[in-house]
Amino acid sequence: MSGGTDDTLSFLILNTLLVNNFVLAQFLGICPFIGVSNKIETASRMGVAVIFVMLVSSALAYGINIVLVAADAEYLRLIAYIAVIASTVQLVEMFIKKTSPALFKALGIYLPLITTNCAVLGVAKLQTSEGYSFIQCIVFALGSGLGFTLALVIMAGIRQKLDLADVPGLAKGTAIILMIAGVLSMAFMGFAGLGS
Amino acid sequence: MASPSYKDSFVNGIWKENPVFVQVLGMCPALAITNSVENAIAMSCAVMFVLVTSNALVSILRKWVPKEVRIAVFILIIATFVTVTDYAVKAISVPIYKAMGPFIALIVVNCIILSRAEAFSSKNNVLKSILDGLGMGIGFSIALLCMGGVREILGSGSFLGHPLFGANYEPWVIFVLPSGGFFTLGAWLFIFAWWRERGARNKKPEGHQA
Numbered sequence: 001m002s003g004g005t006d007d008t009l010s011f012l013i014l015n016t017l018l019v020n021n022f023v024l025a026q027f028l029g030i031c032p033f034i035g036v037s038n039k040i041e042t043a044s045r046m047g048v049a050v051i052f053v054m055l056v057s058s059a060l061a062y063g064i065n066i067v068l069v070a071a072d073a074e075y076l077r078l079i080a081y082i083a084v085i086a087s088t089v090q091l092v093e094m095f096i097k098k099t100s101p102a103l104f105k106a107l108g109i110y111l112p113l114i115t116t117n118c119a120v121l122g123v124a125k126l127q128t129s130e131g132y133s134f135i136q137c138i139v140f141a142l143g144s145g146l147g148f149t150l151a152l153v154i155m156a157g158i159r160q161k162l163d164l165a166d167v168p169g170l171a172k173g174t175a176i177i178l179m180i181a182g183v184l185s186m187a188f189m190g191f192a193g194l195g196s
Numbered sequence: 001m002a003s004p005s006y007k008d009s010f011v012n013g014i015w016k017e018n019p020v021f022v023q024v025l026g027m028c029p030a031l032a033i034t035n036s037v038e039n040a041i042a043m044s045c046a047v048m049f050v051l052v053t054s055n056a057l058v059s060i061l062r063k064w065v066p067k068e069v070r071i072a073v074f075i076l077i078i079a080t081f082v083t084v085t086d087y088a089v090k091a092i093s094v095p096i097y098k099a100m101g102p103f104i105a106l107i108v109v110n111c112i113i114l115s116r117a118e119a120f121s122s123k124n125n126v127l128k129s130i131l132d133g134l135g136m137g138i139g140f141s142i143a144l145l146c147m148g149g150v151r152e153i154l155g156s157g158s159f160l161g162h163p164l165f166g167a168n169y170e171p172w173v174i175f176v177l178p179s180g181g182f183f184t185l186g187a188w189l190f191i192f193a194w195w196r197e198r199g200a201r202n203k204k205p206e207g208h209q210a
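In order, the protein sequence lines correspond to chains A and B. Numbering-wise (the working numbering), the first sequence opens with residue 1 and increments by one. Numbering-wise (the working numbering), the second sequence opens with residue 1 and increments by one.
You may find that some hints are simply not true.
[To be verified] Straight-line C-alpha distance at most 27 angstroms; calculated DSSO-like pairs for lysine-lysine:
id, chain 1, residue 1, chain 2, residue 2
1, A, K172, B, K63
2, B, K98, B, K7
3, A, K98, A, K161
4, B, K7, A, K105
5, A, K161, A, K39
6, B, K67, B, K123
7, A, K172, B, K203
8, B, K7, B, K203
9, B, K7, B, K63
10, A, K97, B, K7
11, B, K63, B, K123
12, A, K172, A, K39
13, B, K67, A, K98
14, A, K39, A, K105
15, B, K67, B, K203
Simulated from the structure, these hints should not be mistaken for lab results. Note that the coordinates shown come from a computational prediction; the quantities given were computed from them, not determined experimentally.
Input sequences plus hints: build the corresponding full structure.
Shown next, in the form of C-alpha cells:
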C-alpha cells in the first residue's frame, strides 16, 4: 500500500474494498474466509459482525495509540490492541446471544474466533503505521470490513454452487477452496490502479 | 488423556500433525510471506521463537492460571513474546522487517500458537512443551519453505536471490502475486491428500495400521 496521511476517503474505500482487498490481496482473515463460507446467509452475518468489531476496535485503537504515544510506551501497543479487540468481541458475542440465539448458534466457534481474525488486528496495526487521522481510520476500517464481507459472500455463493458440482475426491475441502480463492484473487487484480 | 512421550511431542508436529498441511492452521502468514525463500525463512524463525517461548511459559504457569481466564492469559503471554520478536527483527534487518509488513505483529493471532498453548502446553510439562513448540515450529518452517521454494523458483526464477535459469527464462509472475499463493497452497494440499490416500490404500492389504 502506498498509503500516507493525505489519502482521500474515496481512495481509502476503493483501495481496501477492491484493489487491496484484505482477504484476496493481503491474506488477512483467511481462517474465517475458509471456515464460515459455507452459506451466503452465515457468511453475510459473520461479515456484519466483523465490520462492527473492526469499526469499534479501530476507533478505540486510535485513542489508545494517542495515550501510548503520550506516555512513551509504544511497546505496549500490541498488547493493548489485542486486549481491546478481545473485549469488543466479547461485547458483540453477548449482544448477538441476547438478540438472535439462532445466529449465535450458526456462527458457533467462529464468533469468539473473531479475536484471532488477523484482519481485525491488521486494521489496527496498519492504521497506526500509516498514520491515519481519526476519520481516515474509521473509513479504512469500514472499507476493510466491507471488503472482507464481499470476499466472504462471493466465496459462499460459489461454494453453494460447488455442492452440486462433481469435484474430484482428493481436491474436496480446503484444496478446492484455495484454488477458487486463487481465481478470485486474480479477478480482483483487475481492479489494480483503480482510484489512484 | 495419556501424556505423549518426549519423542512423540517433538516428532508429531513435523509431519503427522504438520500445522499448515494437515491441521490447516496459520494460513495467513503461510500465504502472505512466502513469495521468496528469504522471507519464508525469516517468518519461520520468528514463529518458531514465539512458539517455543510461549509454550514454555504457558507450561510453567499452567498450575497457577485459573481456567476461566486462561485464553486471555495465553494471548497476553504470546503478545509479549511477539513484541520482543517485532523489535528484534527491526533491529536485525530493516529490509526484512519492511517485507513482512504487519505480519510479525500478526503472529499474535496465528492460530497455531494459541492452539498449541491450549491443546498441549497447558497440559504437559515444560520440557515436552518446548519440544512440542520446536516440532511444530519445524513443521511450520517446512511448510513455509515448500511454499516459498515453489513460488520463488517459478515466480522469479531464482532461489534465495540467486538466479537459477538463464536470461531467457520468463518468470511466471503470477506465483509471486497473491493469487499464486492460493494456487500453490491448494496444490500442496492436493498433493498431500493424494499422498495420504495412496498410503492408506497400500497399508490395507498388509492388515496393520501405521
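Evaluated hints:
1. For the suggested pair K172(A) and K63(B), the alpha carbons sit about 42 angstroms apart, so the restraint of at most 27 angstroms is broken.
2. Simply put, K98(B) and K7(B) have alpha-carbon atoms about 38 angstroms apart, too far for the 27 angstroms limit, and the pair is violated.
3. Simply put, K98(A) and K161(A) have alpha-carbon atoms about 33 angstroms apart, too far for the 27 angstroms limit, and the pair is violated.
4. Our distance criterion of 27 angstroms between C-alpha atoms is broken by K7(B) and K105(A), whose separation comes to about 40 angstroms.
5. Only pairs whose Cα atoms come within 27 angstroms are accepted, and K161(A) paired with K39(A) is accepted, the gap being roughly 10 angstroms.
6. The suggested pairing of K67(B) with K123(B) holds, with an alpha-carbon distance near 12 angstroms, which does not exceed 27 angstroms.
7. Of the pairs offered as hints, the one joining K172(A) and K203(B) holds, with about 22 angstroms between alpha carbons and a cut-off of 27 angstroms not exceeded.
8. Distance hint between K7(B) and K203(B) is fulfilled; the C-alpha atoms sit about 24 angstroms from each other, no more than 27 angstroms.
9. For a cut-off of 27 angstroms, the pair hint linking K7(B) to K63(B) stands: about 24 angstroms separates their Cα positions.
10. For the hint pairing K97(A) with K7(B), the CA-to-CA distance comes to about 44 angstroms; that exceeds 27 angstroms, so the pair is violated.
11. At most 27 angstroms may separate the alpha-carbon atoms for a hinted pair to count; K63(B) and K123(B) meet this at roughly 9 angstroms.
12. Proximity of K172(A) to K39(A) is assessed by CA-CA distance (about 17 angstroms); at most 27 angstroms being required, the pair is judged to hold.
13. Under the criterion of a C-alpha separation no larger than 27 angstroms, the hint pairing K67(B) with K98(A) is consistent with the structure, at around 25 angstroms.
14. For the given pair, K39(A) sits about 14 angstroms from K105(A) by alpha-carbon distance, which is consistent with the 27 angstroms threshold.
15. Distance restraint check for K67(B) and K203(B): the Cα-Cα separation of roughly 42 angstroms exceeds the 27 angstroms cut-off, and the hinted pair is therefore not satisfied.
Hints 1, 2, 3, 4, 10 and 15 from the earlier list are contradicted by this structure; the remaining hints agree with it.
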